[in-house]
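All chains should be built: construct the whole structure from the sequences, respecting the hints.
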Amino acid sequence: MQVVPHRVAVYPTEELRGLLALRDEQPSPAQALSYLRRYALAIFAILDLMGDDA
Numbered sequence: 001m002q003v004v005p006h007r008v009a010v011y012p013t014e015e016l017r018g019l020l021a022l023r024d025e026q027p028s029p030a031q032a033l034s035y036l037r038r039y040a041l042a043i044f045a046i047l048d049l050m051g052d053d054a
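In the numbering used here, the protein residues as written are 1 to 54.
For the record, the hints were derived by calculation from the structure and aren't laboratory data. It should be emphasised that the depicted structure is a prediction, and the values quoted were computed from it without experimental measurement.
Per label pair, the in silico range of CB-to-CB distance:
#1 14 <-> 37: 17 to 23 Å
#2 25 <-> 47: 17 to 23 Å
#3 26 <-> 51: 30 to 36 Å
#4 24 <-> 48: 20 to 26 Å
#5 13 <-> 33: 26 to 32 Å
#6 47 <-> 27: 21 to 27 Å
#7 49 <-> 28: 26 to 32 Å
#8 25 <-> 50: 21 to 27 Å
#9 28 <-> 48: 28 to 34 Å
From the three backbone atoms N, C-alpha and C, an ideal C-beta is built for every residue, glycine too.
Here it is in structure tokens:
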């Protein structure tokens, strides 16, 4: 998360807030798979905003 401000023109504050909120959640074992999917989607959204270096 420390790299994001240096990589994108507009700092994705809403996306990072969402990721931080997800990080602080403690899902029950029954909700673990759903939680991991939401966490992965939040990470992909931020990576998408960062663009492709290739």
